[in-house]
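Chains H and E are the protein sequences, given in the same order. Position 12 of the first sequence, counting from 1, maps to 12 under my numbering, and the rest follow consecutively. Position 42 of the second sequence, counting from 1, maps to 42 under my numbering, and the rest follow consecutively.
Incorrect hints may appear among the rest.
Restricting the straight-line Cα-Cα distance to at most 30 Å, the calculated cross-link-like pairs of lysine-lysine (DSS-like) are [to be verified]:
(1) E/28 to E/91
(2) E/28 to E/88
(3) E/28 to H/220
(4) E/97 to E/28
(5) H/220 to E/88
(6) H/147 to H/220
(7) H/220 to E/97
Derived by calculation from the structure, the hints in this document are not laboratory data.
Below are the chains, spelled out letter by letter.
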Amino acid sequence: MTPNIIVLMPAYNEAHRIGAVIDGVRSALPQGRIVVVDDGSTDDTVARALDYDVTVLRLPFNMGYGVALQTGYKFAVAQRADYLVQLDADGQHDPAGIARLLERVQGDACDICIGSRFLEGQPYRIPFTRRLGMALFRRVASRLLGKTVTDPTSGFQAMNRRVLEFFSRDSYPVDYPDVDVLVMLHRHGFRISEVPVQMHARASGVSLHRGLRPVYYLFKMGLDIPLNLMRREK
Amino acid sequence: MDIRQKILAAVCGVSLLLVIIELVRRRKLRVEYSWLWILAGLTILVIGMNYGLLQWITNFIGAGFTSSTLFFFGIFFVLALCLQFSVKISKLETQVKNLAQELAVQRPQTQDSRKEAPEGDPGV
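Just chain H, same shape as in the assembly (with noise of 0.2 Å):
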């Protein structure tokens, strides 16, 4: 029996390239299933996204990037789907890595794959700050996971359904998922593990990064990491 893949795309006022992406995607995986999740975008990400053969999930207003994924690994858990595949419409994630990700989640060699950037090299200029920033995490990550995690900030990641089962609880940050998740994941004994995958500097778009946000980026996982450490859940 051929597996059910879903291919989750959150986007948020990505009408100029979601097409290419999902022509992108289409080509790398086609029996994939796409599920654009829209985030409330103002211009034709919707129009645009349903020119294709995908599945398009409309929030009512914007929530931000966690409750769009969310909103996409609930539709997946009630679809039954085996596999999940994540990628950013914004066609900073190459689908060239998709095959890659779930042959180590199909492979049952890890519960979740990311997607990292930094396994072959740097790929392309990343501000100062901002690589300070990931080179932190990469630190914290890679110490409380036991082992070393080179990208635990990247949103390319394959999971298989016990994750999505997982990151449908309302445990799940919505707001910045992100290192705090792998800890989480890693405490509730879910496999991760990683592959170079390739990534381009976004072209278009506003970057989840800007303004003051990095600085309650680091005010989140400093705060949440610890507390995720203290939690005890089931």
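Place chain E on chain H using the hints.
Quick look at chain E alone, frame taken from chain H:
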């Protein structure tokens, strides 16, 4: 204690209590929130009528002036209330999130569904 101060405190305390009871009666304030406000109204009334009690509390906590005691507890009360609101808002936010997600998951759109209903706002 000046009689004018007593009158002012009594008027404030009684008005607050009346407003709260009226709000609960009209179902504009839920009973679960009203207790805190009723407590505040009663406190104003009791302290206002009984200056000795305020002096005793001031002495007990080691404050210099009775007015600092009032401000201290006043501000503390408002802070506690804000915290309670934050907790409630966090809970509401989670509920709104789950509702929005449920709505999105229940109404997936595809090319076919667009043909049936062109120009589609999902009708939220």
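We went through each hint and held it up to the structure:
1. E/28 to E/91: Distance of about 20 Å is within 30 Å: holds.
2. E/28 to E/88: Given that 30 Å is the threshold and the Cα spacing comes to 17 Å, the pair holds.
3. E/28 to H/220: 36 Å, violated
4. E/97 to E/28: Given that 30 Å is the threshold and the Cα spacing comes to 25 Å, the pair holds.
5. H/220 to E/88: It holds: about 20 Å lies between the C-alpha atoms, which stays within 30 Å.
6. H/147 to H/220: Since the Cα atoms of residue 147 of chain H and residue 220 of chain H sit roughly 23 Å apart, the hinted pair holds (cutoff 30 Å).
7. H/220 to E/97: At roughly 19 Å apart (the allowed maximum being 30 Å), residue 97 of chain E and residue 220 of chain H satisfy the hint.
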